[in-house]
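Number of protein chains: 2
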Amino acid sequence: MAQKYIDLTTLKYLLNNVHGLSQLVQLERYKEHDPESMGMFLDSVKEFADRELFPFFKEMDDSPAAFKNGEVIVHEQVGVIMKKGGEMGLICGPFDYEIGGLQLPFIVHTAATYILDTANNHLPGYLTLTLGAAELITHFGNSALKDAYIPKMLSGEWGGTMCLTEPDAGSSLSDITTKATPTKDGHYHIKGQKIFISGGDYPYVENIVHLVLARIEGAPAGTKGISLFVVPKLRTENGNSIKNDVTTLSDFQKMGQRGFATTHLGFGDQNDCRGWLLGEAHQGLKYMFQMMNDARIGVGRGAAAISMAAYQASLQYAKERTQGRKLRSSGKKDPNESPCPIIEHPDVRRMLFLQKAIAEGSLSLILLAAKYHDLQLAEKDQATKEKYGMLLEIITPIVKTYPAEAGAVAVNNGLQVLGGYGFCTDFILQQYYRDIRIFSIYEGTTGIQSQDLLGRKVLMDNGRALELLLNEILETITEALTMENLKPYATILGDKIKLTQEVTAHLMPIATEGDFERYLSDANLFMEFLSHLVLGWIWLDIAATAEKDILKKDNTYPLDFYQGKIHTMKFYFKYELIKTSGLAKSIMHEDVLTLNSEKDYF
Amino acid sequence: MAQKYIDLTTLKYLLNNVHGLSQLVQLERYKEHDPESMGMFLDSVKEFADRELFPFFKEMDDSPAAFKNGEVIVHEQVGVIMKKGGEMGLICGPFDYEIGGLQLPFIVHTAATYILDTANNHLPGYLTLTLGAAELITHFGNSALKDAYIPKMLSGEWGGTMCLTEPDAGSSLSDITTKATPTKDGHYHIKGQKIFISGGDYPYVENIVHLVLARIEGAPAGTKGISLFVVPKLRTENGNSIKNDVTTLSDFQKMGQRGFATTHLGFGDQNDCRGWLLGEAHQGLKYMFQMMNDARIGVGRGAAAISMAAYQASLQYAKERTQGRKLRSSGKKDPNESPCPIIEHPDVRRMLFLQKAIAEGSLSLILLAAKYHDLQLAEKDQATKEKYGMLLEIITPIVKTYPAEAGAVAVNNGLQVLGGYGFCTDFILQQYYRDIRIFSIYEGTTGIQSQDLLGRKVLMDNGRALELLLNEILETITEALTMENLKPYATILGDKIKLTQEVTAHLMPIATEGDFERYLSDANLFMEFLSHLVLGWIWLDIAATAEKDILKKDNTYPLDFYQGKIHTMKFYFKYELIKTSGLAKSIMHEDVLTLNSEKDYF
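Chains as they are written, first to last, in UniProt numbering: chain A, 1 to 602; chain B, 1 to 602.
Hints in this document: simulated from the structure, not taken from any laboratory. Hints are not guaranteed to be accurate.
Identical copies look the same in the list; a pair holds intra-copy or inter-copy alike.
The calculated lysine-lysine pairs, modelled on DSS-like cross-linking and capped at a C-alpha distance of 27 Å, are [said to hold, decoys possible]:
#, residue 1, residue 2
1, K46, K84
2, K332, K58
3, K191, K585
4, K498, K579
5, K68, K58
6, K599, K552
7, K332, K243
8, K224, K332
9, K585, K498
10, K84, K286
11, K380, K552
12, K585, K4
13, K4, K579
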């Protein structure tokens with residue numbers, strides 16, 4: 001089995017040099033933290049991952065979480081990660097001191113969870129869902145709810161889940177039918193079913209706290225009639241902990257991420273399920289979406305991590321496996337030469353650079369989003385806060401989508417590096433290949449994200465968020481134009497900004513004329529287009545940082561490390577960013593082929 | 001589970017209308033056949049597939065072929081397909097009458113096997129490998145070998161395999177070390193190991209005939225010292241059938257196509273394995289590659305079939321599943337409306353059209369290759385034979401690669417249509433997703449095919465094969481230019497011909513200057529580029545056929561059927577063919593980033 005699953009050096013370089021962690025911790029909120037101690041924290045997380053996560057990765061796939069005799073069975077490491085992860089601050093990290101948190105920058109917490117994901121993506125979800133549920137209670141709960149739930153959740157003694165999807169309401173949350181009936185005791189009776197509930201039930205924690213979207217009787221139809229409830233597995237009555245009529249009805253067996261239990265939950269089958277309203281009635285979806293940004297960064301993080309781990313595994317194989325010979329100038333090979341390691345073959349290098357470009361680019365992208373989260377939260381100036389809020393809004397659908405979609409392509413190339421062995425269960429690549437596939441579906445499919453990006457975020461505040469994003473990109477271009485080595489690439493990216501403006505100028509009139517269905521019909525292509533622009537920027541930023549470090553003769557890292565970053569930027573530009581031309585043409589194409597076609601064309 | 005797994009109407013339309021089966025059977029070789037009886041044959045194959053293949057598809061994945069206690073265990077349908085498939089002529093079909101074949105056009109045999117593949121891709125390999133092995137013996141064996149093996153193989157009583165790969169010689173066949181030592185009795189002693197042997201062992205047949213690449217002692221190094229041997233599992237001695245010291249050492253458990261046993265075979269562990277030389281010494285690789293074209297068409301056929309089956313499954317789901325509502329001109333939805341079938345959503349239609357374009361386009365491509373095979377074989381005129389031989393040579397790497405690579409993308413979109421359910425094992429899409437992944441590896445990876453295309457086929461006979469191919473494409477363009485409806489698309493494809501010439505004009509000097517490694521460094525991109533050109537042609541050809549049928553008011557099929565084909569051509573041009581622009585730019589890019597980079601850049 002592959003030994004290395006993460007490039008920790010690159011993670012730290014991106015955190016410190018590219019994203020300027022030392023500047024971030026000058027903000028009042030983070031002043032107790034310093035880069036050095038945070039680096040040590042990450043090292044300890046890596047050791048934890050080496051010991052408690054990575055060794056169990058394959059066996060969690062071989063023996064999936066399962067629902068047997070009315071019980072959900074999961075690997076015992078789930079207990080370890082909840083307990084020790086809780087102790088290490090992997091749940092409470094980003095929370096305020098006053099509620100028991102560490103007030104850790106979200107970018108560092110993201111890096112820490114990323115390390116866990118690279119080691120074994122089946123486990124961290126138990127922690128992160130608990131964190132997400134606790135965050136909702138912290139933001140919108142009254143002090144009674146906070147006191148009752150938060151300490152136990154932040155310590156990992158209790159788990160948490162998000163219950164959105166129903167059998168007839170997947171991507172369409174407005175069709176939620178789970179019912180909440182008020183009682184005179186202040187709580188509600190909850191009745192309904194939820195599907196695809198990750199970590200919906202498992203032993204090894206004392207309680208599980210479900211955050212459930214439901215409709216209060218008589219609420220308006222659609223998304224405006226949905227409220228959010230805290231529904232624990234066990235409730236406290238007269239000082240006793242008793243069952244709250246939340247039952248696992250079945251589970252979902254999946255192609256990948258099989259160690260992460262996915263359940264079908266019933267609430268109130270015996271009419272004895274109590275829920276507590278979180279915040280105000282009918283505001284549930286709004287609340288849910290306030291923390292959805294973080295959840296979506298989390299999905300991007302998981303996918304980015306899998307592409308990193310797969311890259312490391314295929315890189316190791318390519319260095320060790322000898323096969324074939326280098327071509328001579330005649331185009332022939334000399335059979336008497338010894339075979340070379342396959343990393344010498346240009347096509348293998350192409351597959352490795354593609355993986356590196358996607359894996360490291362995705363990592364830098366999720367760190368950027370986490371930084372925006374931090375800046376929005378911790379900056380004092382209202383205009384600055386809003387600016388980073390807007391940037392976070394527009395970048396989030398890309399952060400959710402690119403690492404998943406491009407990550408699947410990266411892992412696919414990783415598998416291919418191994419040839420026939422890549423397809424065999426004795427090698428780990430095929431597991432990464434199966435695991436990463438869920439990330440294009442989690443927390444809003446790629447289709448939903450693309451509609452969010454083009455239909456909501458691009459139009460938001462008259463296009464202000466996109467304008468802010470393009471300005472950020474222009475700043476990097478301006479800086480890179482001053483470096484002789486990077487000038488040609490900065491110029492190319494500048495042209496792509498113009499192309500973006502051309503594309504939006506083409507699309508806007510369609511939206512303003514009210515032809516919304518047409519406006520959004522190629523939203524997926526727009527997502528791909530804008531993702532490439534953003535990743536081109538991410539890579540130019542990394543290259544500019546490396547170039548500066550070379551110029552100032554910083555020898556913290558070997559020269560090859562810096563040059564490898566610049567080289568990968570060039571690779572991204574040559575092989576990936578170039579696709580924006582074709583995509584722009586497709587988007588601006590006059591044929592609209594997915595609206596007017598007859599059903600019987602299929 | 002999905003019920004429909006093939007669009008038989010489209011298969012027959014492609015065979016008869018697009019590829020002109022009725023003209024093909026005017027050739028002397030096929031004169032006993034007529035389109036009607038061949039249509040009935042295909043119907044009977046479909047019934048066979050309905051009954052004996054499709055119902056076992058999921059359970060073959062759930063209970064994979066396995067090596068236990070020294071025995072290879074496979075699903076009992078393996079016995080059924082060998083016996084009944086043999087009886088139905090699914091092995092002997094394309095063979096000459098005189099050797100016991102049906103002299104069926106290869107295009108019809110390909111269509112028949114394709115039907116089997118769509119129903120259950122884990123089973124037909126047992127038949128097709130037997131066919132391939134029998135074909136080699138037929139072509140290169142002496143009459144003793146033919147008499148001993150062919151009748152039993154064509155009837156399906158005996159199975160066959162191809163044994164190429166060794167632990168240290170995967171893509172690099174020149175490193176084969178299996179030894180063959182001549183004896184004075186005319187046969188050879190064989191000693192060595194072979195891995196990844198599909199259908200390498202199974203009960204339900206009386207014998208298994210291995211075609212083994214090995215090196216006669218003292219043979220030259222490299223590919224020129226490899227010979228081909230017939231090595232049966234059981235040999236006949238003094239009228240008795242005795243073991244021939246071929247043993248299964250282990251098997252390979254895989255991510256997909258799990259019902260198709262993949263074995264690791266040992267030859268001569270007890271120094272008692274006999275092999276019979278096929279044809280002349282040291283010609284083994286040449287022989288193997290003479291039938292490799294058919295094997296590679298077979299790989300394309302399997303992948304094309306899986307993309308078809310996945311398309312049908314996701315299409316059925318999209319028609320039945322209701323969720324969400326159509327957008328109104330305001331960009332909002334009315335929650336009081338009932339949800340619509342998801343096929344109404346433009347993005348779902350996009351995913352379905354993409355699948356249709358790839359699945360049907362791949363099918364037409366493999367039928368075209370099979371037709372070239374037929375014409376090369378059955379035409380009398382030497383120049384015509386050679387022409388089709390050249391066309392077959394240049395198109396084969398694309399036929400092997402496109403259905404596998406694009407097919408994986410198609411299936412990926414099919415899975416996405418189902419959202420979360422697509423990832424669950426209760427739905428069949430995830431199985432197609434896993435199964436199709438092997439086709440980019442089988443019979444020469446995509447990397448190897450790309451090197452074959454650019455390094456061998458494009459250069460062949462001073463570029464004559466490519467020229468012939470472009471001429472064929474130009475013929476279709478010329479015809480389509482006469483149809484008002486298709487003119488714009490014909491013009492676009494004409495421009496792409498020019499772009500192809502530009503790309504090759506850029507590449508050729510690099511090869512002639514002897515910088516072969518650089519010439520081939522982006523062979524994969526060239527493969528993708530030329531595949532799009534060929535598929536654009538395939539679709540223009542289908543559209544031109546449909547347009548002609550509409551113009552002559554042929555009402556064999558409903559109007560929507562014809563228009564659906566033309567619409568899908570437009571879809572291919574808008575979303576796929578357009579990618580050639582970016583690919584051409586990447587290929588002609590001045591940065592060569594996969595040759596000069598340092599290993600430590602990774």
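Hint check results:
1. K46 x K84: Cα proximity of K46 and K84: one copy only (13 Å, versus 57 Å across).
2. K332 x K58: Neither. Shortest intra-copy (41 Å) and inter-copy (45 Å) distances fail the 27 Å Cα cut-off.
3. K191 x K585: Answer is neither; intra-copy 50 Å and inter-copy 58 Å both fail.
4. K498 x K579: both (15 Å within a copy, 20 Å between copies)
5. K68 x K58: both (21 Å within a copy, 22 Å between copies)
6. K599 x K552: Result: close only across copies, 24 Å inter versus 62 Å intra.
7. K332 x K243: Close neither inside one copy (73 Å) nor across copies (41 Å); limit 27 Å.
8. K224 x K332: between (69 Å within a copy, 13 Å between copies)
9. K585 x K498: Both: 14 Å inside a chain and 19 Å across chains, each within 27 Å.
10. K84 x K286: Neither, since 33 Å and 61 Å both go past 27 Å.
11. K380 x K552: Result: close neither inside a copy nor across copies, 33 Å intra and 74 Å inter.
12. K585 x K4: Answer is neither; intra-copy 41 Å and inter-copy 35 Å both fail.
13. K4 x K579: For K4 and K579, the Cα distance exceeds 27 Å both inside one copy (32 Å) and across copies (36 Å).
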